[in-house]
Amino acid sequence: MPDINFISNDSHHAAERWTSRVLRLGVWVSASLMIFGLLLATISPSLIVPLSTNPSLGNLAEHMFSDTFDPVTLMFAGLVLLMFTPILRVITAVFGFAVERDWRFVFVSSIVLLMLIGEIVYSIFLKG
Amino acid sequence: MSILSFIFLLAGGFIAGTFGALLGLGGGVLLIPFLVMVLDIPMHQAIATSIIAVIATSSVGAAMNLERRTVHMRLGMLLEIATVTGAILGGITANYLSATILAKLFSGLLFFVAIIMLWRIRQHNGQEILHTDGILPGTFTDDATGTTVHYTVKKVPVAMLISLVAGNVSGLLGVGGGIFKVPAMHILSGIPMKAATATSNFMIGVTAAASAFIYFAHGHLNPFVASTAALGVLAGSMTGVRISRKIHSKVLTWVFALALLGISIQLYLR
Numbered sequence: 002m003p004d005i006n007f008i009s010n011d012s013h014h015a016a017e018r019w020t021s022r023v024l025r026l027g028v029w030v031s032a033s034l035m036i037f038g039l040l041l042a043t044i045s046p047s048l049i050v051p052l053s054t055n056p057s058l059g060n061l062a063e064h065m066f067s068d069t070f071d072p073v074t075l076m077f078a079g080l081v082l083l084m085f086t087p088i089l090r091v092i093t094a095v096f097g098f099a100v101e102r103d104w105r106f107v108f109v110s111s112i113v114l115l116m117l118i119g120e121i122v123y124s125i126f127l128k129g
Numbered sequence: 004m005s006i007l008s009f010i011f012l013l014a015g016g017f018i019a020g021t022f023g024a025l026l027g028l029g030g031g032v033l034l035i036p037f038l039v040m041v042l043d044i045p046m047h048q049a050i051a052t053s054i055i056a057v058i059a060t061s062s063v064g065a066a067m068n069l070e071r072r073t074v075h076m077r078l079g080m081l082l083e084i085a086t087v088t089g090a091i092l093g094g095i096t097a098n099y100l101s102a103t104i105l106a107k108l109f110s111g112l113l114f115f116v117a118i119i120m121l122w123r124i125r126q127h128n129g130q131e132i133l134h135t136d137g138i139l140p141g142t143f144t145d146d147a148t149g150t151t152v153h154y155t156v157k158k159v160p161v162a163m164l165i166s167l168v169a170g171n172v173s174g175l176l177g178v179g180g181g182i183f184k185v186p187a188m189h190i191l192s193g194i195p196m197k198a199a200t201a202t203s204n205f206m207i208g209v210t211a212a213a214s215a216f217i218y219f220a221h222g223h224l225n226p227f228v229a230s231t232a233a234l235g236v237l238a239g240s241m242t243g244v245r246i247s248r249k250i251h252s253k254v255l256t257w258v259f260a261l262a263l264l265g266i267s268i269q270l271y272l273r
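Protein chains in written order, with the numbering used here: chain G, 2 to 129; chain A, 4 to 273.
Bear in mind the hints are in silico, worked out from the structure with no lab data behind them. Computed from a predicted model, the values in this text were never measured in an experiment. Careful: at least some of the hints might be erroneous.
To be clear about the criterion: a stretch of chain A counts as covered by chain G if any three or more of its residues have a C-beta under 8 Å from a C-beta of chain G, and this derived list gives those stretches [stated by the list, open to error]:
#	stretch
1	55-62
2	65-71
3	74-82
4	107-115
5	260-269
Residues of chain G clear of chain A, computed beta-carbon distances all greater than 10 Å [to be verified]:
#	residue
6	His14
7	Ser45
8	Trp104
Idealized CB from N, CA, C, for every residue including glycine.
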């Protein structure tokens with residue numbers, strides 16, 4: 002019978018702890034971008050750039066680092082960051098399990114990560 | 004977007020986020036009809052917003068639940084492989100079975116599962132039956148009772164098979180996989196209800212991520228609608244996780260079973 006009364010220690014729950022921290026950070030940054038975008042759109046509607054109604058990932062990155070910094074791009078950036086949080090959680094899980102030296106679950110999480118990346122790459126190619 | 008629409012979106016997102024985080028279901032079942040019928044948002048935009056809502060619910064829930072160790076991350080990752088495989092094979096099922104027949108079939112199944120859940124509460128006087136002879140041990144502190152819950156996971160291959168089916172049919176039925184996975188983890192694998200809903204909540208975001216990018220690529224994501232709803236969902240999810248910590252597992256199982264009955268009826272009436 003497996004020992005279920007294990008005592009939690011720092012290295013044992015590295016995957017959970019790291020993933021929780023990364024998710025918290027991702028959610029707060031994403032929410033801040035969306036709030037800032039919505040506020041900016043309300044205060045200065047003239048700043049809204051119509052062409053960015055739905056940019057591609059590359060287009061969005063271009064807009065983020067260009068001079069035309071509009072509210073819609075900010076909202077999209079927040080939404081895309083939120084969309085990336087599930088991927089971030091799988092990546093941190095892979096590293097967390099590696100720290101715990103649980104190679105079986107490093108393998109399992111890596112498969113989940115590969116499947117996710119495959120689906121996202123497919124969606125980007127779909128966009129052309 | 005009018006002020007009234009903005010308030011309605013925030014409120015709708017908040018309610019969907021609260022229930023989604025509480026039950027591990029994502030809240031799309033509530034949010035999509037609300038967006039389409041009340042706010043007159045086109046169906047594709049409503050679905051895209053709902054997917055964003057699922058990710059928001061899942062990320063907030065996972066961040067808070069992982070800290071409390073209610074999420075069984077190892078089991079979640081295992082079941083995720085099965086779910087994604089099922090989702091990839093979804094197109095094959097669609098060629099063989101009509102969505103209407105499938106909806107009727109699963110309506111009956113969900114109704115049956117809900118009855119089993121309610122019967123088990125009555126049979127065991129609200130006490131959860133935990134197994135110590137399984138694999139992948141888990142431990143968390145139940146704030147409602149102040150006790151530390153130790154459990155192991157049983158019948159992992161069966162739970163994986165159900166996750167595969169859940170991933171396979173959820174796209175066709177327009178429901179999240181959580182409604183299949185929570186009962187599978189709780190009834191078959193013997194996981195406490197709070198751990199089952201938290202683990203499901205952790206997984207639904209990963210499953211939804213791929214669809215989110217596809218909807219984004221197709222141009223169905225309205226930044227004003229999705230951002231406002233997402234902010235409501237984020238606030239609602241925090242509330243949902245806090246409620247789930249405080250309520251007794253028996254109450255959580257009751258609420259889940261009633262939600263299951265509601266979804267079952269909705270599926271039947273399609």
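Assertion that G/His14 lies farther than 10 Å from chain A (Cβ): violated (7 Å)
Minimum Cβ-Cβ distance from G/Ser45 to chain A exceeds 10 Å: holds (15 Å)
Check, residue by residue, whether the stretch 74-82 of chain A contains three or more positions whose beta-carbon lies closer than 8 Å to a beta-carbon of chain G, and give the verdict. holds (count 5)
Under a C-beta cut-off of less than 8 Å, do 3 or more residues of the stretch 65-71 of chain A approach chain G closely enough to confirm the stated coverage? holds (count 5)
Under 8 Å between beta-carbons, do enough residues of the stretch 260-269 of chain A, three at least, approach chain G for the coverage claim to hold? Three-residue rule not met by the stretch 260-269 of chain A, so violated; n is 0.
Residues of the stretch 55-62 of chain A with Cβ under 8 Å from chain G, three needed, outcome: It holds: at least three residues are needed, and the stretch 55-62 of chain A offers 5 whose Cβ sits within less than 8 Å of chain G.
Would you check whether the claim that G/Trp104 is not at the interface survives, using Cβ distances to chain A and the 10 Å cut-off? For G/Trp104, whose nearest Cβ neighbour in chain A is about 13 Å away, the distance exceeds 10 Å, so it holds.
Has the stretch 107-115 of chain A got at least three residues whose CB is nearer than 8 Å to a CB belonging to chain G? violated (count 0)
Consistency note: the structure conflicts with the earlier hints numbered 4, 5, 6.
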